[in-house]
Amino acid sequence: MNLLKLEKVNVSYDVLHVLRDVSLEIEKGTIVALIGLNGAGKTTTLKTIMGALRPTSGKILLEDDDIAELPPHTRVEKGISLVPEGRELFYTLTVKENLLLGAYARRGDVEQRLRRVYELFPILKERQNQHAGTLSGGEQQMLAVGRGLMSDPRLLMLDELSLGLAPSVVDRLYETVSEINSQGVTILLVEQHVDLALKVADFAYGLEMGEVTFRGRSQDLLRDETIKKAYLG
Amino acid sequence: MSITAEYVVIQVINGLVIGSVYALLALGMNTVYGMLKLINFAHGSVVMVGAYVFLLAMLSLGSMTPIALVATLVAGGLVGYVLELAAYRRLRGKPEVSLLITSLGAYIFIENFVRVTLTSQPRPFPVIPELNILFDVYGITIRVVDIVAILSGMAISAAFVIYSKRAKSGIAIKATAENIRAASLVGVNVDRIIVLALVLGSVIAGFTGFVWGVKFGQIDPGMGFILGVKAFVAIVVGGIGSIPGAVLGGYIIGLAEMLSVGLLPPVYGGYRDGIVFFILIIALLVRPYGILGVKESVRV
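Same order as they appear, the protein sequences are chains A and B. So the first sequence is residues 0 to 232, counted in numbering that gives the first Met the number 0. So the second sequence is residues 0 to 299, counted in numbering that gives the first Met the number 0.
Chain A extracted, bound-state conformation (with noise of 0.2 Å):
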């Protein structure tokens, strides 16, 4: 049962064709990654699924509703949130109302979700009444990650997690993911770390210059000799 198909989709910004027939399906339940090296379209994939770019043509699918023409905030009332690239948190707000805002277009039982933050990442809760901006570059990513979650999204995408994080946070981060993906929450990840990357995942999907050429079981894409040459090193 897939939670989420893009089917032959198509992006581009003016005369530059930034995604070509792009198509992905993503299981529900999985983690999925999007690997490729920089400008392949990864995050561009995910801003497109969250309707911050409008494709010029396909559809994308959240189970059978075709959400490509719906603005951001729809997206998100309808269980999609993105971790965006380089955390985009509202530094001069403080840790709770960062949080508070994941929530905002999504009603239902706040403190719950709250509290289930609270218990992933127990340092947010010591600092809520904190300025984002004074956070640490690994707490800054927890709470983007918490700020992700408060909407109870269906999908969580997750950009670049590890993005200017020592191993050990980036470590913790992803052990995070998993549980967070075992509560029940499908996950697409970006991550320039391929090992990392399909270490967690399910399953993979390669972009090259804006189009799928790859695609696979993690652990098929682990053992694959081109793609260990290509990513791996």
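What the hints contain is simulated information worked out from the structure, not anything from laboratory work. It is possible that some hints are incorrect.
In silico lysine to aspartate or glutamate, DMTMM-like type, Cα no more than 20 Å apart, as pairs [unchecked claim]:
no.: 1; chain 1: A; residue 1: Lys77; chain 2: B; residue 2: Asp190
no.: 2; chain 1: B; residue 1: Lys164; chain 2: A; residue 2: Glu110
no.: 3; chain 1: B; residue 1: Lys167; chain 2: A; residue 2: Asp151
no.: 4; chain 1: B; residue 1: Lys93; chain 2: A; residue 2: Asp151
no.: 5; chain 1: B; residue 1: Lys167; chain 2: A; residue 2: Asp108
no.: 6; chain 1: A; residue 1: Lys124; chain 2: A; residue 2: Glu110
no.: 7; chain 1: B; residue 1: Lys167; chain 2: A; residue 2: Asp13
no.: 8; chain 1: B; residue 1: Lys36; chain 2: A; residue 2: Glu87
no.: 9; chain 1: B; residue 1: Lys167; chain 2: A; residue 2: Glu110
no.: 10; chain 1: A; residue 1: Lys95; chain 2: A; residue 2: Asp13
no.: 11; chain 1: A; residue 1: Lys46; chain 2: B; residue 2: Asp190
Stretches of chain B that chain A covers, calculated by requiring three or more beta carbons in the stretch to come under 8 Å of a beta carbon on chain A [claimed, not checked]:
no.: 12; stretch: 42-55
no.: 13; stretch: 166-173
Remember, it's a predicted structure, so these values are computed and weren't measured experimentally. Glycine included, each C-beta is placed from N, C-alpha and C at the ideal position.
Go by the hints and put chain B onto chain A.
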């Protein structure tokens, strides 16, 4: 004329009154600047529209102050709403300078619309007897309007600060002002929040038109421009992006303006606007991100 303690106190009161007006205008301009990166010159015209709507409502309704005041607030909000829908929304994602020119054009249109349909001459503002009562405190004569202006300025400012901390929509206004793209991504309907911020700010601006009219007793179609500019100076001095900073900046500019006019020899009276911009220059040299502003470097 010798400068007595009473005289200084009166100038401080006057400074707090116009400081309240600057602070209230700065509240609205500050959030809009954050969201649209727009110095909303048209905000000043809302003050003038508010003052004229009050005048017209009093004339046509026969001095029903509360009803005229409600009409003033509604008219102010309406100007903000129409500006957003008819002009600013169409320029989303376009160069910021287009927005700036549009806002300036809207200001010029509104001012001249009033000149053409009403009059270019200054008009006396309706006298509200309750607000003109004088009373004596230790030999200092104060008008009720001074107290009302200062208290309402402080109360509305405080209410806005609390609103932006406690209410869901208030937090969303702050978030959208800081980073509109991120606000949209996390699920804030930013178009709706921009309307809310413009309407709220414009209702408050309409109210300042009423306060200004009662305080100075006379209004004219060109009164709004310099008020909007000074409110923007207040934002820069107080710290762009900071709501308490905008309020603080408003009072600093108001006090500095009135004290310099009052305490310098009368020949310098004509320099009151110049003095405001002199403060701006000093502020930019000493603390370019404002008194309560945040350095941009927090953006990672």
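- prompt: Is the hinted pair Lys124 of chain A and Glu110 of chain A satisfied, with a Cα-Cα distance of at most 20 Å?
  reply: holds (13 Å)
query: Within a Cα-Cα threshold of 20 Å, do Lys164 of chain B and Glu110 of chain A meet the stated pairing?
result: Measuring from Cα to Cα gives roughly 17 Å; hence the hint holds.
query: Between Lys95 of chain A and Asp13 of chain A, does the CA-CA distance stay at or below 20 Å?
result: violated (38 Å)
query: Has the given pair, Lys167 of chain B with Asp108 of chain A, been kept, meaning a C-alpha gap of at most 20 Å?
result: holds (14 Å)
20 Å Cα cutoff - pair Lys167 of chain B, Asp13 of chain A: violated (36 Å)
- prompt: Does the stretch 166-173 of chain B contain three or more residues whose Cβ lies closer than 8 Å to a Cβ of chain A?
  reply: holds (count 4)
message: For the stretch 42-55 of chain B, count the residues whose Cβ lies under 8 Å from any Cβ of chain A; is that count three or more?
response: violated (count 0)
Pair hint Lys167 of chain B and Asp151 of chain A, alpha-carbon separation not exceeding 20 Å: Judged against 20 Å, a Cα distance of about 17 Å means the pair holds.
- prompt: For the pair supplied as a hint, Lys46 of chain A and Asp190 of chain B, is the alpha-carbon distance within the 20 Å limit?
  reply: holds (19 Å)
field: Straight-line alpha-carbon gap Lys93 of chain B to Asp151 of chain A, limit 20 Å
entry: Outside the cut-off at roughly 34 Å; violated.
query: Between Lys36 of chain B and Glu87 of chain A, does the CA-CA distance stay at or below 20 Å?
result: holds (18 Å)
message: Would the hint linking Lys77 of chain A and Asp190 of chain B be met if the CA-CA limit is 20 Å?
response: With a Cα-Cα distance of about 19 Å, the restraint between Lys77 of chain A and Asp190 of chain B holds, given a limit of 20 Å.
The structure is inconsistent with the numbered hints 4, 7, 10, 12, although it conforms to all the rest.
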